[in-house]
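Chemist: The primary structure of each chain is shown beneath.
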Amino acid sequence: MMKLLKPVIVLTLICLVASAGLAYTNSVTAPIIEENERIAADTARKALLPEADTFSEVEGEFEGVTDAYRADNGAGYVITGTAKGYDGQVPVMVAFDPDGTVVSVYISGTSETPGLGKKVEEAGFLSQFTGLAAKTLTLSEIDAITGATISSNAALTAYNYAVSAYLTLKAGE
Amino acid sequence: MSLGVKLAMIFLTMVFVDNYVLVQFLGICPFLGVSKKLNSAVGMSVAVIFVMVLATAVTFPLYVYLLEPNGLGYLNTIAFILIIATLVQLVETVLKKFIPSLYKALGVYLPLITTNCAILGVTLLNIDNITENGYGFLESVVCAAGAGVGFMLAMVLFAGVRQRLEEAQPPKPFEGLPITLVSASLVSLSFMSFGGIIEAIFNG
Amino acid sequence: MGKFSTFSKGLLKENPVLKLVLGTCPTLAVTTLAFNGIGMGLAATFVLICSNVLISALRKVIPNQVRIPAFITVIAAFVTIVQMLVKVLLPALDEALGVFLPLITVNCIILGRAEMFASKNPVLDSALDGLGMGLGFTLALTVMASVREILGAGTLTLLPGVTFQIIPQSVDPFGIMITPPGGFFIFGVTMALVIYLEGRKGRKIKLEASCSSCPAAAGCPGACEGCDGKGGE
Numbered sequence: 017m018m019k020l021l022k023p024v025i026v027l028t029l030i031c032l033v034a035s036a037g038l039a040y041t042n043s044v045t046a047p048i049i050e051e052n053e054r055i056a057a058d059t060a061r062k063a064l065l066p067e068a069d070t071f072s073e074v075e076g077e078f079e080g081v082t083d084a085y086r087a088d089n090g091a092g093y094v095i096t097g098t099a100k101g102y103d104g105q106v107p108v109m110v111a112f113d114p115d116g117t118v119v120s121v122y123i124s125g126t127s128e129t130p131g132l133g134k135k136v137e138e139a140g141f142l143s144q145f146t147g148l149a150a151k152t153l154t155l156s157e158i159d160a161i162t163g164a165t166i167s168s169n170a171a172l173t174a175y176n177y178a179v180s181a182y183l184t185l186k187a188g189e
Numbered sequence: 184m185s186l187g188v189k190l191a192m193i194f195l196t197m198v199f200v201d202n203y204v205l206v207q208f209l210g211i212c213p214f215l216g217v218s219k220k221l222n223s224a225v226g227m228s229v230a231v232i233f234v235m236v237l238a239t240a241v242t243f244p245l246y247v248y249l250l251e252p253n254g255l256g257y258l259n260t261i262a263f264i265l266i267i268a269t270l271v272q273l274v275e276t277v278l279k280k281f282i283p284s285l286y287k288a289l290g291v292y293l294p295l296i297t298t299n300c301a302i303l304g305v306t307l308l309n310i311d312n313i314t315e316n317g318y319g320f321l322e323s324v325v326c327a328a329g330a331g332v333g334f335m336l337a338m339v340l341f342a343g344v345r346q347r348l349e350e351a352q353p354p355k356p357f358e359g360l361p362i363t364l365v366s367a368s369l370v371s372l373s374f375m376s377f378g379g380i381i382e383a384i385f386n387g
Numbered sequence: 004m005g006k007f008s009t010f011s012k013g014l015l016k017e018n019p020v021l022k023l024v025l026g027t028c029p030t031l032a033v034t035t036l037a038f039n040g041i042g043m044g045l046a047a048t049f050v051l052i053c054s055n056v057l058i059s060a061l062r063k064v065i066p067n068q069v070r071i072p073a074f075i076t077v078i079a080a081f082v083t084i085v086q087m088l089v090k091v092l093l094p095a096l097d098e099a100l101g102v103f104l105p106l107i108t109v110n111c112i113i114l115g116r117a118e119m120f121a122s123k124n125p126v127l128d129s130a131l132d133g134l135g136m137g138l139g140f141t142l143a144l145t146v147m148a149s150v151r152e153i154l155g156a157g158t159l160t161l162l163p164g165v166t167f168q169i170i171p172q173s174v175d176p177f178g179i180m181i182t183p184p185g186g187f188f189i190f191g192v193t194m195a196l197v198i199y200l201e202g203r204k205g206r207k208i209k210l211e212a213s214c215s216s217c218p219a220a221a222g223c224p225g226a227c228e229g230c231d232g233k234g235g236e
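Protein chains in written order, with the numbering used here: chain A, 17 to 189; chain B, 184 to 387; chain C, 4 to 236.
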């Protein structure tokens, strides 16, 4: 009997100890991870819209938009649109001032191919959006990255999602 | 987009564009190890498709209804790998007892599947897909099936390439595995051309 | 076997990637940036040392028939801990490695060392073995990643933000090296180089991705012939 039970008991004990260890590690790390993510996102928003002081999230569902934030002092909006690129999602943060002009655009943390699609994260690609009026664009209206049409198109689609969400929000004000 | 079109798009994308072996580098060990003969390549692939779909069908509800609501999402890796190991064992026992002919064809490949990273990979990636692409149960299962069929396509194509390689006489240091990898590079290159095609078909 | 050779054999003589052909998936997938290679290697090294030590310590307690599930549970637990630590310390690395960080669980190197070494040897030896094998894995990944990044993007990124321009920006980089086909290609060429160098030293080695190196094959006698295409039907 003991011979039959021993493997079961040992395996169960290992699972229990492992889960307990993970629960402890998680309780220590989870708040830090959450805080890190919040700080990173807030810093990024602030860098995009320097005039703003604090942000609060806008309620509502918009196609292709993961989150939308309104500056509490009325300096504008920061909206994150996202679309599927060559490898995973391409999240694009777009900052709008109250007049409906694009202040800045920021892309980070994509898994696009380094040296090719990953170039959508570089200033050379992003700066072309700065100063445009908030309206959706087509691929022929922008300088896409050579050899990375899929990534460029994903960035553009995500940008357009953000613009559409902004226009909807603006109309509702 | 209707559900059917969406599912078809997910399936074809997994087979061609996001091919697990040639584009995402999941399941390379069996790809290199079992692709020498066409019949073993097919046998292994069928076993992989079967376990992928089954594993996703079990792990997805487990995560959505048990782990996530209780704040235990971080246990997914450990829970999934144990489920996969148990499932593989279970499938082996059931096949052996009830469908011996199928067991004879697939049985030898089953134990190798537990440590095949494509299986754990598909279950974990489907969890990411919930938040990233809004996948539900049906989408996840179709995604797993597509990943498995993509694996099969890569294996079968490559088995053909390898049969040609048997005749080839590469420079001495390239004999064996190196030339196999260089050939895999060319097969992978051909899959890069699928990028964007599937989306273009469905979005007009 | 001396303590030093227990450690050093993993670096070159029995390098897990280049000689034993284990852990091929991460070797191909994450080596697009030198730092990703280093990060992946060190994460796996940490898991390897911890799991080797614990499995070696428990080797007399774990019943033989459930040893593989027991090893997998131990490894998966350490992998999850590493995942949490990486998220705290280097969120960018977590982002870059993606699913391949949790997939360390099914990396053949780790289960392989548990089965072939740690379950038969004392704790200190197992720790040294884990360290050596882990660093050997890191070394292979770093070399692959550096070559791919230099050729494919013209840069070398040793730490996040510490990037060196190796090929001047005016030269268009060889972008395909970073894509999946480039991964297979560089891996094949690296292996050919290893075989060539060994051949010059008068040693003839044949690299084979077969099940002899697959730890799961231990539990399935029939499987190996299936792999080589010799058995089966």
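Because the hints were derived from the structure by calculation, they are not lab data.
It cannot be assumed that every hint is accurate.
Where chain C lies over chain B, by a calculated footprint (3+ residues, C-beta under 8 Å) [what the hints assert, rightly or not]: (1) 187–199; (2) 291–300; (3) 306–317; (4) 328–338.
Computed cross-link-like contacts, DSS-like style, restricted to lysine-lysine with a CA-CA straight-line distance of at most 25 Å [as the list claims (entries may be wrong)]: (5) C:K90 - A:K62; (6) A:K62 - A:K151; (7) C:K16 - C:K6; (8) C:K22 - B:K220; (9) C:K22 - C:K6; (10) C:K16 - B:K355.
This structure is a prediction, so every number in the text was calculated from the model and none was measured.
Just so it is clear, CB atoms sit at the ideal spot from N, CA and C, and this is done for glycine as well.
Chemist: Now tell me if each hint is right for this structure.
Modeler: Taking the hints in turn, this is what the structure says about them:
1. 187–199: Three-residue rule not met by the stretch 187–199 of chain B, so violated; n is 0.
2. 291–300: It holds: at least three residues are needed, and the stretch 291–300 of chain B offers 9 whose Cβ sits within less than 8 Å of chain C.
3. 306–317: holds (count 3)
4. 328–338: violated (count 0)
5. C:K90 - A:K62: 23 Å, holds
6. A:K62 - A:K151: Holds, because 23 Å separates the two Cα atoms, which is no more than 25 Å.
7. C:K16 - C:K6: 15 Å, holds
8. C:K22 - B:K220: 24 Å, holds
9. C:K22 - C:K6: Answer holds: C:K22 to C:K6 is near 21 Å, not above 25 Å.
10. C:K16 - B:K355: The hint holds at about 21 Å.
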